[in-house]
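Given the sequences, and given the hints that come with them, work out the whole structure.
Keeping their order, the protein sequence lines are chains W and H.
Just so you know, we're using the working numbering here: the first sequence kicks off at 1 and counts up by one.
Just so you know, we're using the working numbering here: the second sequence kicks off at 91 and counts up by one.
Take the hints with a grain of salt, since some may be wrong.
What the hints assert, rightly or not - Have a look at the derived ranges for each label pair, beta carbon to beta carbon:
id	chain 1	residue 1	chain 2	residue 2	range
1	W	Q38	H	E318	20 to 30 Å
2	H	L92	W	M71	53 to 63 Å
3	H	K322	W	E80	11 to 21 Å
4	W	K4	H	D168	46 to 56 Å
5	W	K4	H	E155	35 to 45 Å
6	W	E52	H	D326	16 to 26 Å
7	H	K195	W	E55	24 to 34 Å
8	W	E55	H	I106	38 to 48 Å
9	W	G78	H	A208	47 to 57 Å
10	H	A278	W	A33	30 to 40 Å
11	H	A208	W	G51	38 to 48 Å
12	W	F47	H	L156	35 to 45 Å
13	H	L156	W	K4	41 to 51 Å
To be verified - Subject to a maximum C-alpha distance of 20 Å in a straight line, what follows is the list of computed SDA-like cross-link-like pairs (lysine to any residue):
id	chain 1	residue 1	chain 2	residue 2
14	H	K267	W	G48
15	H	K267	W	Q85
16	H	K267	W	G51
17	H	K118	H	Q184
18	W	K17	H	G311
19	H	K267	W	Y56
20	H	K322	W	M86
Keep in mind that the hints were calculated from the coordinates and are not lab data.
Think of the CB as a built atom: it goes at the ideal place given N, C-alpha and C, for glycine as much as any other residue.
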Amino acid sequence: MSVKVNINQDLQQYAAKQEVVEVGGSTVGQCIADLVQQFPDLKPELFGKDGELLEYIEIYVNMESAYPEEMAKPVSDGDEISIIQMIFGG
Amino acid sequence: MLTSYDRERYDRQMIIQGFGREGQEKLKRAKVFIAGVGGLGCAVAIYLIAAGVGRIRIADHGVVELSNLNRQILYWDDDIGKDKVDSAVEKLKQLNHQVEVEMVKGTIDESSISKLVAGFDLIIDAMDNLPTRYLLNQAALENNTPLFHGAVQGLEGRAMTVIPGQTACLRCVYHRKLPQTKVPVLGATPAIIGSVQATEVIKYIVGIGKLLTNRLLVYNGLSMKFTEFRVKLDPDCEHCGQLAGGRS
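Take a look at the structure:
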């Protein structure tokens with residue numbers, strides 16, 4: 001099972017500057033766990049100390065919002081997960 | 091009614107397919123409220139005023155600072171220390187003396203929002219913080235007024251258009267709260283996103299093209315990519331869920 005994770009511009013510095021990473025898993029949570037295993041520096045950028053997804057991280061699967069219960073969302077071979085950060089500057 | 095001056099001034103946009111004199115007359119009659127005149131607000135205001143939108147109200151409480159000048163292009167070195175609204179109106183009136191530009195110096199908050207948007211056809215979200223963006227979203231929904239959202243950070247940007255009761259609102263897309271921090275911004279980023287917002291406004295008023303509704307446009311300047319995420323109206327949205335349910 002191969003799923004692509006598109007990593008937001010600001011987070012790429014924690015993933016060896018990669019924009020797209022191949023991961024394995026059958027849910028978003030499993031795929032992101034694999035991503036974090038490959039790039040441990042991403043963990044504090046995605047999750048709080050309580051293990052919950054940080055408030056400003058948004059997850060999309062195949063370009064559609066995975067909210068709510070993002071981590072439980074099932075994914076299939078060839079799916080794309082996108083991690084983006086909310087921004088508010090004007 | 092267009093004058094001979096209007097017909098010449100706006101000739102290059104009036105010859106766009108579907109635009110015509112009728113489109114220009116719609117622009118001339120339009121009343122647009124721009125919330126904030128920072129990086130995004132400067133870009134949006136310039137292009138709407140250049141396009142001949144009839145009446146524009148801009149609200150901002152800020153004073154021009156040196157650190158604004160890399161991106162807030164209505165302010166120049168000599169403007170440092172002046173109220174942003176005063177400095178902006180001076181340039182905007184020179185850009186197009188026919189457009190009625192009204193500047194309101196003040197904070198956009200729960201006590202002022204209703205009065206600020208009253209009587210205006212469209213709301214532009216050019217703010218620099220999420221709580222005020224949510225206030226604008228609620229005001230747009232309550233007044234059944236389209237909202238044109240833009241946000242920037244670094245070399246990234248977002249834009250989306252909201253038609254109340256019909257399409258996803260800002261709260262349908264942004265579910266959480268954000269810590270207020272100092273935001274890095276390259277000046278060209280709000281220029282790009284502000285231009286997207288201005289384009290959406292003009293398309294809406296004239297009635298051409300396909301709006302950026304139920305789609306969140308994400309601009310990545312580092313890789314120079316525009317990505318589109320599909321979003322949908324959330325029936326449980328705390329801002330528009332009831333509104334959408336009531337209309338369906």
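Status of each hint after checking the structure:
The given range of 20 to 30 Å is respected by Q38 (chain W) and E318 (chain H), whose C-beta atoms sit roughly 27 Å from each other. A hinted range of 53 to 63 Å holds for the C-beta pair L92 (chain H) and M71 (chain W), which are about 57 Å apart. A hinted range of 11 to 21 Å holds for the C-beta pair K322 (chain H) and E80 (chain W), which are about 18 Å apart. A hinted range of 46 to 56 Å holds for the C-beta pair K4 (chain W) and D168 (chain H), which are about 51 Å apart.
For the hinted restraint 35 to 45 Å between K4 (chain W) and E155 (chain H), the CB-CB distance of approximately 42 Å keeps it satisfied. Under the hint 16 to 26 Å, the C-beta atoms of E52 (chain W) and D326 (chain H), about 20 Å apart, fit the expected range. Remark: the range hint 24 to 34 Å for K195 (chain H) to E55 (chain W) is upheld by a beta-carbon distance near 32 Å. Checking the proposed 38 to 48 Å range against E55 (chain W) and I106 (chain H) shows it holds: the Cβ atoms sit about 42 Å from each other.
Evaluation of the 47 to 57 Å hint for G78 (chain W) and A208 (chain H) yields a pass: the beta carbon distance comes to about 51 Å. Between A278 (chain H) and A33 (chain W) the Cβ separation comes to about 37 Å, which falls inside the hinted range of 30 to 40 Å. Taking 38 to 48 Å as the suggested C-beta distance range, the pair A208 (chain H) and G51 (chain W) conforms, at roughly 46 Å. Checking the proposed 35 to 45 Å range against F47 (chain W) and L156 (chain H) shows it holds: the Cβ atoms sit about 38 Å from each other.
At about 43 Å, the CB distance of L156 (chain H) to K4 (chain W) agrees with the hint of 41 to 51 Å. At roughly 14 Å between alpha-carbon atoms, K267 (chain H) and G48 (chain W) fall within 20 Å of each other, so this suggested pair holds. Pair hint K267 (chain H) plus Q85 (chain W) holds up; C-alpha atoms about 12 Å apart against a cutoff of 20 Å. Of the pairs offered as hints, the one joining K267 (chain H) and G51 (chain W) holds, with about 18 Å between alpha carbons and a cut-off of 20 Å not exceeded.
Between K118 (chain H) and Q184 (chain H), the direct Cα distance comes to roughly 17 Å. Compliance with the 20 Å bound is thereby established for this hinted pair. Our distance criterion of 20 Å between C-alpha atoms is met by K17 (chain W) and G311 (chain H), whose separation comes to about 15 Å. Taken as a hint, the K267 (chain H) and Y56 (chain W) pair is honoured in the structure, with Cα atoms around 7 Å apart against an allowance of 20 Å. The suggested pairing of K322 (chain H) with M86 (chain W) holds, with an alpha-carbon distance near 17 Å, which does not exceed 20 Å.
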